[in-house]
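Novice: Chains as they are written, first to last, in the numbering used here: chain A, 1 to 305; chain B, 1 to 139.
Some hints here could point you the wrong way.
[What the hints assert, rightly or not] Each computed SDA-like pair below joins lysine to any residue, with the alpha-carbon atoms no more than 25 Å apart:
(1) A:Lys-144 to A:Gln-207
(2) A:Lys-159 to B:Pro-104
(3) A:Lys-195 to B:Asp-134
(4) A:Lys-199 to B:Thr-121
(5) B:Lys-136 to A:Lys-80
(6) A:Lys-199 to B:Lys-136
(7) A:Lys-195 to B:Arg-129
(8) A:Lys-80 to B:Asn-103
(9) A:Lys-188 to B:Arg-129
(10) A:Lys-201 to B:Thr-121
(11) A:Lys-194 to B:Ile-52
(12) A:Lys-80 to B:Pro-104
(13) A:Lys-195 to B:Arg-126
(14) A:Lys-194 to B:Arg-129
(15) A:Lys-195 to B:Ser-44
(16) B:Lys-136 to A:Met-113
(17) B:Lys-125 to A:Ser-172
(18) A:Lys-195 to B:Lys-136
[Stated by the list, open to error] Sample of chain A residues at the chain B side, in silico, Cβ under 7 Å:
(19) Gly-64
(20) Ser-83
(21) Lys-104
(22) Glu-105
(23) Ala-107
(24) Leu-109
(25) Val-110
(26) His-114
(27) Gly-125
Quick caveat, the hints were computed from the structure, so don't treat them as lab data. Keep in mind the model is a prediction, meaning the values are calculated, not measured. Where a beta carbon is used, it is the ideal one built from N, C-alpha and C, also for glycine.
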Amino acid sequence: MRSLIDILDLSTEEIDELIDVADDIMAQPEKYQDACRHKILATLFFEPSTRTRLSFESAMLSLGGSVLGFSEAASSSASKGESVADTVSVVSGYVDVIAMRHPKEGAPLVASMHSLVPIINAGDGGHYHPTQTLTDLLTIRHEKGRFDGLTIGLCGDLKFGRTVHSLIEAMSRYPGVKFVLISPEELKLPSFVKKEFIKDKNIPYEQSTSLEAVIGKLDILYMTRVQKERFFNEEEYLRLKDSYILTKEKMKLAREDMIVMHPLPRVNEISTSLDDDPRACYFRQAHYGRYIRMALIMKLLNIRV
Amino acid sequence: MTVDAIKNGIVIDHIEAGKSAELYKMLGLDKLDCPVAVIQNVPSNKIGKKDIIKIDANIEIDLDVIGYISPNVTVNIIENERCVEKRHIELPERLTNIIRCRNPRCITTTEQELPHVFILTNREKREYRCLYCDTKASK
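Full structure from sequences and hints, please.
Specialist: Following this line, the structure appears as structure tokens:
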């Protein structure tokens, strides 16, 4: 029985296989509409994350399965002090697969040690969120047709943004990839991430504090939110925040085939005037999340169509 | 300086110089009522200077604690004044309830009954990371 806790639990071959299945689901959804008939997914969300939960539920319903669960700890027995191990020992007897979100790092791993069914980590604090990374990877391959040889710009909060760290970790496994790290000094990529996944693997990279200066080189621009509370003072925030907002003017400097990604929700870092630009693919990215989760659920349940 | 040979017990030899006090505490030797000798800065051909701990009783000791505090230690089991077993202790692959995770966001902070497990992630640097949250162990 397999669980998915960390993206590195999957080999690149398995990721390719998931993406192939997701592509096929998008091409012929009716073929998969009963793939998980009579199977049940539990969404155990110990902290709210509506977007992720709905994406999982939509995925299971699209496969003809059913869903049950809770969307916050207050409506679960965790509020009475029950341990993750006990909750999962009980629930895993009711369902076939569990997607779990928890504010504490490592909670889904603990769950996988006690579960009778596969556990999917749907985010554990600032630690891992492998289905977001799978969504990002499907987006990249579907939109660009490949992983090899891409120049990926990561912009905004590279210090605390776990989606950025996981994407770098996952993309560093493909040949010919280059990274362009665009952030204010205060929010630079942590040195351990840079060392482990970029420098030690001899992957070319450059750092810039200006989005305009490097946007023309990119195949992919991955935007993240620059949060006010990350700054020491408001002046500094006000000085920097506009440099990391993507506007129509900045997009004029980008290639015609560059894509703009964002894990969402956005606040103001991408101007809404860009939403009609075919290069803006963040809403398509959110939609891909449903298909890759469908492929993942089928894989963990050993269902092939 | 001489310390009497022990009749039945354990000699922990080749401890990195200066580590015996920490090992004494981590192994809970302060709670024993048998004679325990801690000998520090003994000249050693192999490592220059070393510490030795002699315990005058055959007690159960956690070899992972020894390996974690000072790898490459030799543990000699003595019976009737003769060494009947010599064990070379290396850095353990896994530590269970020897050190605690200090990451306030780790699941071990709220689930008190979970064992604190650390995995050896870099042998050269003697680096361990929490099984659950991957936080590096701080010494």
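Novice: Need the list of violated hint numbers for this structure, in ascending order.
Specialist: The structure breaks hints 5, 11, 15, 19, 26; every other hint is satisfied.
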